[in-house]
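Participant: Here the protein sequences come in this chain order: A and B. Number 14 in the working numbering belongs to position 14 of the first sequence; there are no gaps in the numbering. Number 278 in the working numbering belongs to position 278 of the second sequence; there are no gaps in the numbering.
If you're looking for bench data, these hints aren't it; they were derived computationally from the structure. Only a predicted model underlies this, so the values are computations on that prediction, with no experimental measurement involved. Ideal Cβ placement from N, Cα and C applies to all residues, glycine included. Do not take every clue at face value.
[What the hints assert, rightly or not] Restraint ranges, calculated between C-beta atoms of paired labels, are given here:
id : chain 1 : residue 1 : chain 2 : residue 2 : range
1  : B       : Gln155    : A       : Leu127    : 55 to 65 angstroms
2  : B       : Gln125    : A       : Ile94     : 38 to 48 angstroms
3  : A       : Tyr254    : B       : Lys196    : 48 to 58 angstroms
4  : A       : Thr52     : B       : Ala373    : 46 to 56 angstroms
5  : B       : Ser230    : A       : Val267    : 53 to 63 angstroms
6  : A       : Asp261    : B       : Asn121    : 39 to 49 angstroms
7  : A       : Pro56     : B       : Ser428    : 52 to 62 angstroms
8  : A       : Tyr254    : B       : Ser167    : 44 to 54 angstroms
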Amino acid sequence: MTTVWAGLAIGALFSLVAIGYNVVLLASGVFNFAYAQLVMLGTYMTYVGLVTLHAPLLVGILFAGACVATIAVLEERLAIRPLTGRDDLQGTLITSIGVAIFLDGLVLKIWGSQPKTVPDPVSTKALHIFGGTVEPSDLILIVLVIVIALGLHLWSRFTPAGLASLAAAEDRDAAMARGVNVRRLTIAAFFVAGLVAGLLGVFVAARTYAVPSLGDNEALTGFVAIAIGGSGSQIGGLIGGFTVGLVNAFAARYFNADWPDIVVFGVLITVLLVLPRGIFGGAAERRV
Amino acid sequence: MARKAATTRYLLVSGTAALALTAVAACGSSSKSSSSTTASSGSAGTTATSTSSSGSVPATGKPFIFLYDGDFTSSISVYSQAEVLGLTVAADQINAAGGIQGHPIKIEQVNDQSNPTTAVNLLQQKLSSGDTPNAMYPGGDSETTTALLSTLNRQKILAIDAASASSLNDPSKYPYYFGDSELTNGPIPAFLALAKSKGYKKIAVVYGNDVTGQATFQSYQQGLAGSGISVVGAAYDDTAVDMTPQLEQLKAQNPDALVVSGYGAPALYIIKSRNQLGWNIPSYADEVASVFPWTTSLPASALTNLYVEEAKELLPANIGDQPAISKLISDAQAQPGGSKILAETGVQVVNVGYNALEILNFGAQLAHSISGAAIASALDKTGSPTNVPWVGFGPNDEYGGMLYTSTNHYPVEDANYYVFVAPGNINSQGLYEAPGASS
Numbered sequence: 001m002t003t004v005w006a007g008l009a010i011g012a013l014f015s016l017v018a019i020g021y022n023v024v025l026l027a028s029g030v031f032n033f034a035y036a037q038l039v040m041l042g043t044y045m046t047y048v049g050l051v052t053l054h055a056p057l058l059v060g061i062l063f064a065g066a067c068v069a070t071i072a073v074l075e076e077r078l079a080i081r082p083l084t085g086r087d088d089l090q091g092t093l094i095t096s097i098g099v100a101i102f103l104d105g106l107v108l109k110i111w112g113s114q115p116k117t118v119p120d121p122v123s124t125k126a127l128h129i130f131g132g133t134v135e136p137s138d139l140i141l142i143v144l145v146i147v148i149a150l151g152l153h154l155w156s157r158f159t160p161a162g163l164a165s166l167a168a169a170e171d172r173d174a175a176m177a178r179g180v181n182v183r184r185l186t187i188a189a190f191f192v193a194g195l196v197a198g199l200l201g202v203f204v205a206a207r208t209y210a211v212p213s214l215g216d217n218e219a220l221t222g223f224v225a226i227a228i229g230g231s232g233s234q235i236g237g238l239i240g241g242f243t244v245g246l247v248n249a250f251a252a253r254y255f256n257a258d259w260p261d262i263v264v265f266g267v268l269i270t271v272l273l274v275l276p277r278g279i280f281g282g283a284a285e286r287r288v
Numbered sequence: 001m002a003r004k005a006a007t008t009r010y011l012l013v014s015g016t017a018a019l020a021l022t023a024v025a026a027c028g029s030s031s032k033s034s035s036s037t038t039a040s041s042g043s044a045g046t047t048a049t050s051t052s053s054s055g056s057v058p059a060t061g062k063p064f065i066f067l068y069d070g071d072f073t074s075s076i077s078v079y080s081q082a083e084v085l086g087l088t089v090a091a092d093q094i095n096a097a098g099g100i101q102g103h104p105i106k107i108e109q110v111n112d113q114s115n116p117t118t119a120v121n122l123l124q125q126k127l128s129s130g131d132t133p134n135a136m137y138p139g140g141d142s143e144t145t146t147a148l149l150s151t152l153n154r155q156k157i158l159a160i161d162a163a164s165a166s167s168l169n170d171p172s173k174y175p176y177y178f179g180d181s182e183l184t185n186g187p188i189p190a191f192l193a194l195a196k197s198k199g200y201k202k203i204a205v206v207y208g209n210d211v212t213g214q215a216t217f218q219s220y221q222q223g224l225a226g227s228g229i230s231v232v233g234a235a236y237d238d239t240a241v242d243m244t245p246q247l248e249q250l251k252a253q254n255p256d257a258l259v260v261s262g263y264g265a266p267a268l269y270i271i272k273s274r275n276q277l278g279w280n281i282p283s284y285a286d287e288v289a290s291v292f293p294w295t296t297s298l299p300a301s302a303l304t305n306l307y308v309e310e311a312k313e314l315l316p317a318n319i320g321d322q323p324a325i326s327k328l329i330s331d332a333q334a335q336p337g338g339s340k341i342l343a344e345t346g347v348q349v350v351n352v353g354y355n356a357l358e359i360l361n362f363g364a365q366l367a368h369s370i371s372g373a374a375i376a377s378a379l380d381k382t383g384s385p386t387n388v389p390w391v392g393f394g395p396n397d398e399y400g401g402m403l404y405t406s407t408n409h410y411p412v413e414d415a416n417y418y419v420f421v422a423p424g425n426i427n428s429q430g431l432y433e434a435p436g437a438s439s
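The task is simple: from the sequences and hints, build the whole structure.
Facilitator: If you want it as structure tokens, here you go:
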């Protein structure tokens with residue numbers, strides 16, 4: 001059971017990245033490759049808040065959320081909007097990769113390469129649940145990721161703003177013609193994605209520490225998670241992330257270090273062969 | 001038609017996304033990509049140096065170029081700076097005494113960012129420009145060293161570094177390459193002595209799934225074979241953020257002790273996962289993990305039953321009878337940024353650079369030449385030298401030394417070279433101060 005908890009804990013990280021990808025994708029049709037780097041920044045901003053500035057826990061968390069949300073909005077303004085204005089969504093892939101590399105370099109330059117320890121927000125004494133051990137901060141991260149994914153899913157399906165964002169992602173021009181403020185939705189999506197990354201930074205850092213390689217390590221696996229779960233589906237991203245985490249953990253537990261990546265990508269290929277749009281990817285409509 | 005178009009668009013986006021993500025992953029690992037030949041940030045060891053600093057007769061003649069290739073970007077960059085600091089101190093001392101066979105030593109450095117391909121390209125650029133070095137420090141890690149040695153061999157350029165894979169100790173294949181720090185099996189005699197004294201019957205090793213990690217595991221397997229102590233292992237990927245599955249795998253085999261191999265985040269994850277499992281097994285950091293700043297990264301409660309290996313002769317209590325080490329420390333502190341580097345990495349790392357040049361100079365004195373082939377040939381016949389210029393093996397090399405032969409190009413350490421102590425701190429002199437507990 002400990003392996004299950006380990007898989008869910010790392011799966012929560014992958015799901016978090018997938019959620020971030022989906023939030024922006026659903027609102028704007030843009031695939032923000034720099035989201036994993038925003039998650040990494042969340043850990044560093046938490047470090048700044050709690051360690052450098054010695055702020056109380058809640059203040060540090062809010063500080064991190066505000067900082068990363070601001071950086072995300074800046075990314076939208078500088079690297080994404082100029083291309084969406086030209087209807088160049090494929091170009092946004094490239095610019096978001098550029099942002100990812102820029103953030104990697106910036107973090108390395110400012111904080112160096114040694115991992116930074118962020119104070120654990122809760123006790124570090126492991127809990128024994130269902131026959132396995134799990135750290136309290138991991139359990140909280142798992143629960144929060146599930147709550148956020150469910151919340152965003154419900155928001156996108158049952159609120160006017162959520163439905164408007166789906167419409168904008170499906171057909172930007174049609175949505176604008178119907179009076180949907182697509183630009184505002186895109187900005188809001190980046191803001192929310194950044195805010196989530198920042199607010200959860202303290203729990204992510206409790207698992208990974210603040211390390212400059214976190215973004216690179218999580219970016220590709222986050223993509224695998226939404227490819228398995230179905231891009232554009234928050235539930236799909238959640239399931240995909242936990243699936244990848246569990247497969248990874250069990251492969252490492254019962255085989256060796258060579259197998260986790262092989263098994264994960266094997267699952268990805270199998271899912272895409274059977275369900276090209278992912279497990280929860282929606283069917284495309286066909287005009288007749 | 002609409003469905004086909006939608007599917008096509010989806011596949012196009014997904015495929016482009018996958019390619020782009022691959023680029024992110026690749027760029028991330030070498031992104032930090034540059035092939036600059038300039039020095040890294042601040043501190044000692046920036047680009048060329050090594051004119052005499054002591055006021056004695058300066059060396060003249062064509063410079064003896066020593067090219068240092070290291071990583072000045074990632075988490076190990078400070079160790080590259082420390083090695084360059086040691087090289088600088090040695091170069092200054094040697095130049096003050098007239099240079100290497102009359103030639104002043106000039107240190108140049110390049111930044112490979114732990115990328116063997118970058119390292120090879122940088123060396124090729126140097127060779128193409130006609131700026132052939134006389135000797136080189138080829139990266140310091142086993143992968144980079146292996147990648148560079150074929151070119152260095154062809155050019156008959158001397159190479160010396162601290163790479164630790166046993167496969168590199170092959171004079172028939174690499175006649176111009178010497179190691180100045182122990183192989184991965186270097187600490188094995190000391191660990192074997194410890195394991196026997198503790199009555200350990202089974203040792204578990206958790207290691208990185210790379211050349212150095214695999215070499216470490218093999219070293220323990222081979223070194224403990226025939227001793228009645230079995231060895232089991234579990235590897236982790238460098239991108240892993242949790243080592244619980246690996247440790248569970250090892251725990252299920254009921255070992256008596258755990259060897260921790262890794263540096264930076266992986267080392268932290270190993271201890272974190274060990275504690276999460278409530279597995280209070282005696283844990284011994286290998287030579288790589290031992291230099292990690294444990295006490296500044298984790299609270300004392302998380303470091304229970306963790307021991308690091310330290311060179312006995314570099315502990316404060318033993319330094320008094322080694323004036324050469326004291327001089328190395330004082331000269332290093334006199335260099336710009338030297339005190340900071342010493343306090344961060346310890347004198348043991350500075351030693352690596354220092355010994356590298358002292359060994360080459362020793363060989364040049366034996367050979368009366370600076371030719372790579374002549375120095376290599378002379379070092380092959382080192383035997384058991386006395387009045388040696390390198391440091392760290394005791395005042396008279398009691399605990400081993402650079403005992404090179406035609407079949408061994410690595411230092412030899414006996415079972416008394418290392419002690420295992422609780423994680424401590426490096427003091428301002430670069431010496432390791434353990435809090436008192438020892439295994």
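Participant: Would you mind marking each hint as holding or not holding in the structure?
Facilitator: Results for each hint:
Between Gln155 (chain B) and Leu127 (chain A) the Cβ separation comes to about 60 angstroms, which falls inside the hinted range of 55 to 65 angstroms. For Gln125 (chain B) and Ile94 (chain A), the Cβ-Cβ distance of about 29 angstroms falls outside the hinted range of 38 to 48 angstroms, so the restraint is violated. Judged by the Cβ atoms, the range 48 to 58 angstroms given for Tyr254 (chain A) and Lys196 (chain B) is violated: they are separated by roughly 32 angstroms. Take Thr52 (chain A) and Ala373 (chain B): their Cβ atoms lie about 55 angstroms apart, and the range 46 to 56 angstroms holds.
Remark: the range hint 53 to 63 angstroms for Ser230 (chain B) to Val267 (chain A) is contradicted by a beta-carbon distance near 35 angstroms. The hint said 39 to 49 angstroms for the Cβ distance between Asp261 (chain A) and Asn121 (chain B), and at roughly 27 angstroms that hint is violated. With their beta carbons about 34 angstroms apart, Pro56 (chain A) and Ser428 (chain B) fall outside the hinted range of 52 to 62 angstroms. For the pair Tyr254 (chain A) and Ser167 (chain B), the beta carbons lie near 30 angstroms from each other, so the given range of 44 to 54 angstroms is not met.
This entry does not satisfy hints 2, 3, 5, 6, 7 and 8, going by the numbered hints stated previously.
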